[in-house]
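Student: So the protein lines, in turn, are chains G and V. Just so we're aligned: the first sequence equals residues 1 to 294 in my numbering. Just so we're aligned: the second sequence equals residues 295 to 388 in my numbering.
Derived by calculation from the structure, the hints in this document are not laboratory data. C-beta: ideal position from N, C-alpha, C; glycine also.
Result set (DMTMM-like, lysine to aspartate or glutamate): computed pairs, CA atoms no more than 25 Å apart in a straight line:
| # | chain 1 | residue 1 | chain 2 | residue 2 |
| --- | --- | --- | --- | --- |
| 1 | G | K169 | G | D179 |
| 2 | G | K234 | G | D255 |
| 3 | G | K172 | G | D238 |
| 4 | G | K169 | G | E34 |
| 5 | G | K169 | G | D43 |
| 6 | G | K169 | G | E104 |
| 7 | G | K169 | G | E98 |
| 8 | G | K172 | V | D324 |
| 9 | V | K309 | G | E168 |
| 10 | G | K102 | G | D268 |
| 11 | G | K172 | V | E326 |
| 12 | G | K234 | G | E173 |
| 13 | G | K172 | V | D334 |
| 14 | G | K102 | G | D40 |
| 15 | G | K169 | G | E236 |
| 16 | G | K102 | G | D42 |
| 17 | G | K169 | V | D334 |
| 18 | V | K371 | V | E360 |
| 19 | V | K309 | G | E173 |
| 20 | G | K234 | G | E220 |
| 21 | V | K309 | G | E26 |
| 22 | V | K309 | G | D179 |
Covered stretches of chain V, going by a simulated chain G footprint (3 or more residues, C-beta under 8 Å):
| # | region |
| --- | --- |
| 23 | 326-332 |
| 24 | 335-344 |
Partial selection, computed: residues in chain G whose CB lies under 8 Å from chain V:
| # | residue |
| --- | --- |
| 25 | E71 |
| 26 | E73 |
| 27 | I76 |
| 28 | N80 |
| 29 | H180 |
| 30 | Q183 |
So the chains spell out like this:
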Amino acid sequence: MSFDNAYESLLGHEDSHWAFGTGFSEALSGVNREFPAGVDRDDIATYCLMLGDDALIFSQRLSEWCSRAPELEEDIALANIALDLLGQARMLLTRAGEVLGKSEDDLAYLRDEREFRNVHLAEIDCGPGPGGDFGTTIARLLVFSSWRLALFSRLRGSADPVLAAVAEKGLKELAYHRDHAAQWTVRLGDGTDESHRRMQAGLERVWPFVDELFATHPVEARLAGVAVDPASLKSEVDGVLEAVFSAAGLSRPADTRAARVAGMAGRDGVHTEAMGYLLAEMQHLHRSLPGAVW
Amino acid sequence: MSTSWPLWEVFVRGKRGLNHVHVGSLHAPDAEMALRNARDVYTRRNEGVSIWVVPAAAITASSPDEKDPFFSPSGDKVYRHPTFYSIPEDVPHL
Chain G
1 MSFDNAYESL LGHEDSHWAF GTGFSEALSG VNREFPAGVD RDDIATYCLM
51 LGDDALIFSQ RLSEWCSRAP ELEEDIALAN IALDLLGQAR MLLTRAGEVL
101 GKSEDDLAYL RDEREFRNVH LAEIDCGPGP GGDFGTTIAR LLVFSSWRLA
151 LFSRLRGSAD PVLAAVAEKG LKELAYHRDH AAQWTVRLGD GTDESHRRMQ
201 AGLERVWPFV DELFATHPVE ARLAGVAVDP ASLKSEVDGV LEAVFSAAGL
251 SRPADTRAAR VAGMAGRDGV HTEAMGYLLA EMQHLHRSLP GAVW
Chain V
295 MSTSWPLWEV FVRGKRGLNH VHVGSLHAPD AEMALRNARD VYTRRNEGVS
345 IWVVPAAAIT ASSPDEKDPF FSPSGDKVYR HPTFYSIPED VPHL
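Just need the whole structure built from these sequences, with the hints factored in.
Tutor: Okay, here's the thing in structure tokens:
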């Protein structure tokens with residue numbers, strides 16, 4: 001290479017063109033996949049489904065905004081976030097599948113509603129369809145990413161090496177998701193009367209589903225050292241949300257709790273009405289044409 | 295709504311790049327969001343390590359009408375290139 005001009009160095013030293021990026025690395029390469037001793041593997045699989053389904057289902061919801069967001073730039077931003085979460089879901093479902101003897105696709109496409117373990121916040125319909133709103137989607141993204149960021153920062157210390165590695169990788173992604181949501185929350189909350197009204201309405205819409213995020217499930221309680229107790233995240237997440245609400249001129253909604261069925265919610269496989277429609281759209285291609293690939 | 299958001303020009307420094315290179319433009323309500331949009335639109339394939347955004351309105355551009363007086367006079371002055379010197383092999387970035 002002669003370095004005749006500055007642009008030549010942009011093109012890199014090998015075949016791959018600068019415009020397509022270089023230096024990619026494989027996620028989780030070299031991570032020890034042994035299961036930690038002394039814990040129930042089925043519990044680890046269930047826990048991986050919980051965190052994996054949160055990401056998979058919310059990813060599906062976010063991808064519904066593609067081509068429907070207020071601006072092309074926001075289309076891409078939300079799709080990027082959806083893809084980050086899909087990547088987290090793939091690693092977690094693969095880990096669960098190692099115990100259950102299933103592939104990530106089996107778990108994503110061939111489970112029925114009662115077998116999904118995601119929290120309700122991930123599945124509710126916040127738009128772009130009827131009744132939804134961009135403000136509601138931003139409210140959900142803010143709450144979800146603030147909570148998951150706090151969770152993953154603790155999960156880095158998990159006794160399960162795969163969960164720890166997934167958390168380490170996901171942390172940087174979630175930090176960006178939270179930043180993106182916070183930026184929008186402040187602009188909408190502190191913008192016009194209309195944007196403030198819709199941002200506040202978005203918070204009111206998602207708030208009944210916040211309580212479930214911090215409820216400790218028996219599986220999480222049994223997995224001390226492997227899983228994170230979500231109850232331990234509450235004060236940190238509350239602090240983050242208060243700071244954003246205060247900068248945005250929004251008020252924290254009154255604490256209410258969405259109804260449970262016999263004390264059960266998403267972590268037990270009991271879902272809201274929206275879940276069936278979401279799964280129908282997400283799964284129908286694979287179920288109609290088993291093994292279909294791009 | 296698109297018309298109400300100003301246009302920003304985006305410059306990205308690649309991993310091995312020496313300087314920021316213009317990669318395109320986008321719409322954003324303000325500088326902070328322009329930076330984030332640029333991250334999402336122009337660096338999602340692992341292209342960059344640094345981004346600049348500049349309001350498109352802040353760029354003063356030469357006009358196509360002035361092309362001849364601006365650029366033609368240098369067309370025959372090959373002696374302005376340092377090609378008459380021999381460059382040692384071990385001197386990069388020249």
